[in-house]
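Asker: Take a look at the letters that make up each chain.
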Amino acid sequence: MDKGIEIRTSPHLKRVVSVEKIMRTVVLALLPICAFAVYQFGLSALLLLATTTGVAIWTEWFFSRLSGKGNTVSDWSVVITGLLLGLTLPPGFPLWMAAVAAFVGVALGKALFGGLGYNVMNPALVGRAFVQAAFPVAITTWTPAFAPGRFAELIPSTLTLPFMQPIPVDTWVAGLQLDGWSGATPLAIQKFQHIEPPLTDAFTGMIAGSAGETSALLILICGLWLAWQRMLDWRIPVSVLAGAALTALPFWLADASHYPSPWFVLSSGGLMLAAWFMASDMVASPVTARGVVIYGLFIGSLTVIIRLFGGLVEGVMYAILIGNAVGPLISSWTQPRVYGTSSRKSQG
Amino acid sequence: MKHQTAVLDSKLAVETGRFGFVKRLNSGFVSLFQRHKTFDHGIYPVEHKELTAHKPIRRLPFADELVIPLQQHKGRPAVPIVKVGQEVVRGEPIAVADHFVSVPMHAPATGVIRAIGLAPTAEGPKTQAIYLKVYHAASQEVLYGEHREPETMSGKDIIQAVQDAGLVGLGGGAFPSHVKMHPPAGRVIHTLVVNGCECEPYLTCDHRIMLEQTDALLRGIKIALRATRAERAIIGVEDNKLDAIAHLRARIPKDLPITAEAVRTKYPQGAEKMLIKALLDLEVPTGGLTADVGVAVFNVGTLAQMGDLLPNTQGLIERVVTVSGPAVANPGNFMVPIGTPVRFLLNQVGLNGPVGQVILGGPMMGMAVSSLDVPVTKSVSGVVALQPEAPDVVRRQVYPCIKCGECLNACPISLNPSMLGELAVAREYGTMTEEYHLDQCFECGCCSYVCPSNIPLTQYFRIAKSINRDAKKHHEQKQH
Numbered sequence: 001m002d003k004g005i006e007i008r009t010s011p012h013l014k015r016v017v018s019v020e021k022i023m024r025t026v027v028l029a030l031l032p033i034c035a036f037a038v039y040q041f042g043l044s045a046l047l048l049l050a051t052t053t054g055v056a057i058w059t060e061w062f063f064s065r066l067s068g069k070g071n072t073v074s075d076w077s078v079v080i081t082g083l084l085l086g087l088t089l090p091p092g093f094p095l096w097m098a099a100v101a102a103f104v105g106v107a108l109g110k111a112l113f114g115g116l117g118y119n120v121m122n123p124a125l126v127g128r129a130f131v132q133a134a135f136p137v138a139i140t141t142w143t144p145a146f147a148p149g150r151f152a153e154l155i156p157s158t159l160t161l162p163f164m165q166p167i168p169v170d171t172w173v174a175g176l177q178l179d180g181w182s183g184a185t186p187l188a189i190q191k192f193q194h195i196e197p198p199l200t201d202a203f204t205g206m207i208a209g210s211a212g213e214t215s216a217l218l219i220l221i222c223g224l225w226l227a228w229q230r231m232l233d234w235r236i237p238v239s240v241l242a243g244a245a246l247t248a249l250p251f252w253l254a255d256a257s258h259y260p261s262p263w264f265v266l267s268s269g270g271l272m273l274a275a276w277f278m279a280s281d282m283v284a285s286p287v288t289a290r291g292v293v294i295y296g297l298f299i300g301s302l303t304v305i306i307r308l309f310g311g312l313v314e315g316v317m318y319a320i321l322i323g324n325a326v327g328p329l330i331s332s333w334t335q336p337r338v339y340g341t342s343s344r345k346s347q348g
Numbered sequence: 001m002k003h004q005t006a007v008l009d010s011k012l013a014v015e016t017g018r019f020g021f022v023k024r025l026n027s028g029f030v031s032l033f034q035r036h037k038t039f040d041h042g043i044y045p046v047e048h049k050e051l052t053a054h055k056p057i058r059r060l061p062f063a064d065e066l067v068i069p070l071q072q073h074k075g076r077p078a079v080p081i082v083k084v085g086q087e088v089v090r091g092e093p094i095a096v097a098d099h100f101v102s103v104p105m106h107a108p109a110t111g112v113i114r115a116i117g118l119a120p121t122a123e124g125p126k127t128q129a130i131y132l133k134v135y136h137a138a139s140q141e142v143l144y145g146e147h148r149e150p151e152t153m154s155g156k157d158i159i160q161a162v163q164d165a166g167l168v169g170l171g172g173g174a175f176p177s178h179v180k181m182h183p184p185a186g187r188v189i190h191t192l193v194v195n196g197c198e199c200e201p202y203l204t205c206d207h208r209i210m211l212e213q214t215d216a217l218l219r220g221i222k223i224a225l226r227a228t229r230a231e232r233a234i235i236g237v238e239d240n241k242l243d244a245i246a247h248l249r250a251r252i253p254k255d256l257p258i259t260a261e262a263v264r265t266k267y268p269q270g271a272e273k274m275l276i277k278a279l280l281d282l283e284v285p286t287g288g289l290t291a292d293v294g295v296a297v298f299n300v301g302t303l304a305q306m307g308d309l310l311p312n313t314q315g316l317i318e319r320v321v322t323v324s325g326p327a328v329a330n331p332g333n334f335m336v337p338i339g340t341p342v343r344f345l346l347n348q349v350g351l352n353g354p355v356g357q358v359i360l361g362g363p364m365m366g367m368a369v370s371s372l373d374v375p376v377t378k379s380v381s382g383v384v385a386l387q388p389e390a391p392d393v394v395r396r397q398v399y400p401c402i403k404c405g406e407c408l409n410a411c412p413i414s415l416n417p418s419m420l421g422e423l424a425v426a427r428e429y430g431t432m433t434e435e436y437h438l439d440q441c442f443e444c445g446c447c448s449y450v451c452p453s454n455i456p457l458t459q460y461f462r463i464a465k466s467i468n469r470d471a472k473k474h475h476e477q478k479q480h
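Sequence lines, in order, name chains F and L. Position 153 of the first sequence, counting from 1, maps to 153 under the UniProt record's numbering, and the rest follow consecutively. Position 300 of the second sequence, counting from 1, maps to 300 under the UniProt record's numbering, and the rest follow consecutively.
Be aware that a few hints might be false.
DMTMM-like cross-link-like pairs, simulated, lysine to aspartate or glutamate; straight-line CA separation at most 20 Å [as the list claims (entries may be wrong)]:
1) F:K69 <-> L:E422
2) L:K254 <-> L:D215
3) L:K74 <-> L:D98
4) F:K21 <-> L:E389
5) L:K126 <-> F:E6
6) F:K21 <-> L:D392
Hint data in this document are derived by calculation from the structure and do not stem from the laboratory. Bear in mind that the values here come from a model prediction, so they are computed numbers and not experimental data.
Kindly produce the complete structure, drawing on both the sequences and the hints.
Answerer: Given below as structure tokens:
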């Protein structure tokens, strides 16, 4: 009877949830969004997602080998980074640039800090921010959704050779002979022409845009499922969206012909995907209960401010990166009062 | 302070019927819409109480040999007054208290002292113990003690009698009960909190005590009220034991200031600090005692024993122990003589397969024994045998902290275990206490339980606290 007895320290029970399971569940929640992206944009989107994910995994593996930590790919967090990065890029984004984005995101955004848990910012967004600066034209070149023959041929720019300018898609798009194609996303149309495209299209994803950001509805469903599985802090997306809507509201009320409605703000661009899947990144968000709400509201309102008054069409990426940067500060401001003490300890 | 008294008064008013309908609502509606009082944060581990909750307390045969460690309580060890070879009668004192913070020991069975020497303990190091060989032919009747009326005794006499009975906190704390009844100068106890929460998974001994030893429990509460001069007593019971609450409410005499209140079933509701917070909304200050907020907390098991032992001038020789867990074939609640080896108990209940850990106390805060020769001591409320490869006990890969914040949402005293864990790894032990209130941590284990990265936070904190204690001791020695 004595033989198998093990000595351990309390607590002897453990909740059956691990980092690996959380990450796998997030990947599962992202898969429908990826599938819709492929359905909408065809082979190019598939190759794009495969490239970002593959390169992200390879980079993680390479640096974990280099640091002698053992293989850290198995915690699945890098798969999320790869998929998210792919989803935020334009579907016709040259693959070699996507590979650069994935490498930079994982290498500079994660491995440099010491890997999972130590990164200050969301690695996928670090990668995207890098290519946004490096390839400003390619990252704002949009192609139409549901192009005929999208499962048979690639968008020409996809196969641009490394270190070359992207192959122009204008002639290819013209060849598709689509009615009403302007080459702009709803966000850009609103910003520069002050015309709000129909809301239902933006909500269901029947529009141009980044590979995985078009259908706010689908993203909402996947995000809600993840929150219901308790793998995501629902307070973050809810406060991001609330922050965005509340910031947009007064402007819209003041001048509806010039400023977008809160509904349009919520369903357009990358806000929905970012709120549910990127701002909620556990590692880069604050740890306190009140902190995440402040963090979310901050990101939401910053997004709208950049959209309305910045030079960029979409601001959610920079809003989250800035939110990540101030996250630790928010954490330290919002430490709860410790039982039996009167002080609110401010170190976080 | 004035404000606090006002709050207490209004709460008292609800209980004593100025708002009688509230009380009726309380007992009428069972917690579908109503949320019982509780503290902030905490966790909801699977309870597994159904294994033993319905099983009445039973006696087992005596083991061949009992091992009675001289230190089963906080404070100084007891001093033996018997010699090897001496025959003792069940209930006879065999060791006396060494100091105010110490308690005597009584013979748990009629037999002969075989040896006085080292014995293994759950804590790890071997300690001095009395080995008592049991006479199986003896009647094992308690022949010691004489009848007296605690109702007529003075507070001081009661406190002395409680020490003479060898009573300690039977809920697991093992702090001598008489010390708690004697608040430091300048402190007045206004409320006696009777702890019937039993928030640890698997354990049901307190549940059974409330159901089966109700009269002894109420007698004990009366004695404790008299000794502490508290104005009232509140029995706090988790709302997974509504039958016990109803049973107690039916038995409490109308003329006594005793109430039974349901608190939410949540771990660690049974920790003193958390129960006081839930029932009275008071917080024990850092480094302070419950007496600092005018409260004394006693476990229901302790008071039931007090109600039994004091009127008969007897000593504590046995206690109720829940023997349960997935590895146990016939789990149950048993009246176990102090000093019974764990091996004997497990043989009595039988095992259904291999055993992983054997835990004294509950699985959240209890200690895994290194040897089955470890005896049941006064503070052992349960013996829980876990299976080796169960998914909720198996040791899993440790990942880096992903800052998910689960531990902050779990910590009942609102510490930042995530930050404390990183400081522990960096060996910044001083900072942990000075800036992050590590000294408030009572090692409930909630942070380790929820951590998805499987970081052994509680273990880190235990080590850090012990290093800080040593450093402080060292510092004080230097100054002298």
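Asker: Indicate, hint by hint, whether the structure satisfies it.
Answerer: How the hints compare with the structure:
1. F:K69 <-> L:E422: holds (18 Å)
2. L:K254 <-> L:D215: holds (14 Å)
3. L:K74 <-> L:D98: Satisfied, since the Cα-Cα distance of roughly 12 Å is no more than 20 Å.
4. F:K21 <-> L:E389: holds (19 Å)
5. L:K126 <-> F:E6: holds (18 Å)
6. F:K21 <-> L:D392: Satisfied, since the Cα-Cα distance of roughly 14 Å is no more than 20 Å.
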